[in-house]
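Trainee: Turn these sequences into a full structure, and let the hints guide you.
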Amino acid sequence: MTSTSRRRILAVSLALCCAVLLDWPGTGPVSWAQQTGTPPSTPQGATSLAGGQGFIWFSQFANPALLGSLYLTPNFPLTGYYPLYPGALSTIRTSDGVTAGPLKLHPSLGLAELYTDNVFRTASNRTSDFVHAMAPAIQVQLPMAFRHALIVDYRTNLLFFDRTPANDVRDQTASGRVKLDFPGGLKVDFQGEHKVGHDPRGSAQDLQFAEVNKWRTDSVTGRVEYTGVQASLALNLQSTRWNYTNNGLGPLYSRLNNYVGMTFSGAVTPKSSLLISTGVNQQIYDQNKNLDSNVYMISTGARWQVSDLTSGELLVGYQFLRFSKAQTNQPPPLLSQFTRSEDSASNFYVAGNLRWTPTSYLSVNLQPYRAIQQTVVLGSLFFVSTGANLAVTHSLSQRNGLNLNVGVEQDKFTSGGGVGASAPRSDTLKNIALGYTYKATRYLGATLQYAYEDRSSTDGQFVYNANTFTVGLQGGF
1 MTSTSRRRIL
11 AVSLALCCAV
21 LLDWPGTGPV
31 SWAQQTGTPP
41 STPQGATSLA
51 GGQGFIWFSQ
61 FANPALLGSL
71 YLTPNFPLTG
81 YYPLYPGALS
91 TIRTSDGVTA
101 GPLKLHPSLG
111 LAELYTDNVF
121 RTASNRTSDF
131 VHAMAPAIQV
141 QLPMAFRHAL
151 IVDYRTNLLF
161 FDRTPANDVR
171 DQTASGRVKL
181 DFPGGLKVDF
191 QGEHKVGHDP
201 RGSAQDLQFA
211 EVNKWRTDSV
221 TGRVEYTGVQ
231 ASLALNLQST
241 RWNYTNNGLG
251 PLYSRLNNYV
261 GMTFSGAVTP
271 KSSLLISTGV
281 NQQIYDQNKN
291 LDSNVYMIST
301 GARWQVSDLT
311 SGELLVGYQF
321 LRFSKAQTNQ
331 PPPLLSQFTR
341 SEDSASNFYV
351 AGNLRWTPTS
361 YLSVNLQPYR
371 AIQQTVVLGS
381 LFFVSTGANL
391 AVTHSLSQRN
401 GLNLNVGVEQ
411 DKFTSGGGVG
421 ASAPRSDTLK
431 NIALGYTYKA
441 TRYLGATLQY
451 AYEDRSSTDG
461 QFVYNANTFT
471 VGLQGGF
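Under the working numbering, the letters of the sequence shown match residues 1 to 477, in that order.
Hints may contain errors.
Pairs of lysine-lysine residues, derived as DSSO-like cross-links and limited to a Cα-Cα distance of at most 30 Å, are as follows [to be verified]: (1) Lys214 with Lys271; (2) Lys214 with Lys430; (3) Lys289 with Lys325; (4) Lys187 with Lys271; (5) Lys325 with Lys187; (6) Lys187 with Lys104; (7) Lys289 with Lys412; (8) Lys430 with Lys412; (9) Lys325 with Lys104; (10) Lys214 with Lys325.
Now the in silico label distances, taken between C-beta atoms and shown as ranges [said to hold, decoys possible]: (11) Asn243 with Thr278: 40 to 48 Å; (12) Ala166 with Ser346: 34 to 42 Å; (13) Tyr361 with Pro165: 38 to 46 Å; (14) Ala267 with Arg126: 51 to 59 Å; (15) Thr127 with Gly192: 33 to 41 Å; (16) Gly185 with Leu142: 19 to 27 Å; (17) Ser360 with Pro333: 54 to 62 Å; (18) Ala100 with Asp218: 22 to 30 Å; (19) Phe264 with Thr328: 17 to 25 Å; (20) Val316 with Gln208: 34 to 42 Å; (21) Ser360 with Ser324: 49 to 57 Å; (22) Thr94 with Ala174: 19 to 27 Å.
Keep in mind that the hints were calculated from the coordinates and are not lab data. Remember, it's a predicted structure, so these values are computed and weren't measured experimentally. For every residue, glycine included, the Cβ atom is placed at its ideal position computed from N, Cα and C.
Mentor: Dropping the structure here:
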């Protein structure tokens, strides 16, 4: 299909959706509290969270809005942001859906038009482009014995670029989740997921090839939680297999990632709990063996619900990175650039999610974080990421709402002792996104969004800024 044909098809689809949006008969007030522009409640379990770059393991902490203002990702009114990276448990749709016997079906289709003035996210050779996004999806829910459920979820992120077709992606995520809720406080979640994805332009893994990096992952995620009267214990497990499929990056990036973590919560007062969390994140590379490692984490903190207006969680602790194998001389030309001058590193760790709801129309979330993030950047072994994200949602009426997302992050890379050893890289990332969401009915909505990204760096190759404008429509049940 040519670029012109794709554009015509999407233009017709958007025009039809606009007509329906304007002419759809009213069905009564739509509750904004249930139809906000941000994704539904925070996914539970061990989930990977990407900041400006790389991954942070937050256990029960995760906010998809940290991704939403970056990487040409539309914020659709019904399903929020497409999960770019593997790891999160599927978000369970709570709308009425379509009943088919014992099954409840939740189909949806999102269409979006984007314009960016720097599609490659580079300081030089700035290229503007129009992007056409399509996001068909369906979720099937099967209730079992009233308390349990089977959830099968399939969603896509199809991006077509007018001027730079090498950036075209056809991301897909298919998952099956079993959710068990036993009497007495025991809950079990288990999910298998297959994902076809890419490294977005501007991310740490983007080496600025003509074609965007593409990969496939297979993940298994599990969570077992027991909640008693005064205490609870949660065990999170995850294993993700990464396979890079183009740009010759398989030998560098392909790996197995395993994670296990445990969080204990004990009541201190009726509205506050003590948290103790520990975990280990393991990376086993197929060929780039100098990067095999384990990151051990231990932290303590609190969870509180001071009032109906203020709540949150905060963990503060320690991370220790230990490379698993002795330094070896790897074959040239690329693997040989991953050498080590040290075998371990440590870091002060912070993960928080602070919530303030001063009125029923206004919600404010602040997420501070500091963590070691492992990545595959030539001449570097890992970096320490320190940042904060502010997400604000304000409803103007029962149908209209504004979303603001502001993030700042500093990434300090360590030298691997090879290329770049004399000048370790340091980046500062800033982003802001302002969005508007309109709900015509509970089944149909539209969004507008402006996002600005800026990255300064001691390495001029990674400096960039970009402006992106998005208009999106979505229908679903």
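Trainee: State for each hint whether it applies.
Mentor: For each hint, the structure was consulted:
1. Lys214 with Lys271: violated (46 Å)
2. Lys214 with Lys430: holds (25 Å)
3. Lys289 with Lys325: holds (7 Å)
4. Lys187 with Lys271: holds (22 Å)
5. Lys325 with Lys187: This hinted pair is violated, its Cα atoms lying about 38 Å apart.
6. Lys187 with Lys104: holds (22 Å)
7. Lys289 with Lys412: At roughly 23 Å apart (the allowed maximum being 30 Å), Lys412 and Lys289 satisfy the hint.
8. Lys430 with Lys412: Within the cut-off at roughly 15 Å; holds.
9. Lys325 with Lys104: Outside the cut-off at roughly 49 Å; violated.
10. Lys214 with Lys325: Holds, at about 28 Å.
11. Asn243 with Thr278: 40 to 48 Å: violated (30 Å)
12. Ala166 with Ser346: 34 to 42 Å: holds (41 Å)
13. Tyr361 with Pro165: 38 to 46 Å: holds (43 Å)
14. Ala267 with Arg126: 51 to 59 Å: holds (55 Å)
15. Thr127 with Gly192: 33 to 41 Å: holds (39 Å)
16. Gly185 with Leu142: 19 to 27 Å: Hint holds: Cβ distance 24 Å, inside 19 to 27 Å.
17. Ser360 with Pro333: 54 to 62 Å: This hint holds: roughly 60 Å between Cβ atoms.
18. Ala100 with Asp218: 22 to 30 Å: With Cβ atoms ~29 Å apart, the hint holds.
19. Phe264 with Thr328: 17 to 25 Å: Cβ of Phe264 to Cβ of Thr328: about 39 Å, so the range 17 to 25 Å is violated.
20. Val316 with Gln208: 34 to 42 Å: holds (36 Å)
21. Ser360 with Ser324: 49 to 57 Å: holds (51 Å)
22. Thr94 with Ala174: 19 to 27 Å: Holds - the Cβ-Cβ distance for Thr94 and Ala174, about 21 Å, lies within 19 to 27 Å.
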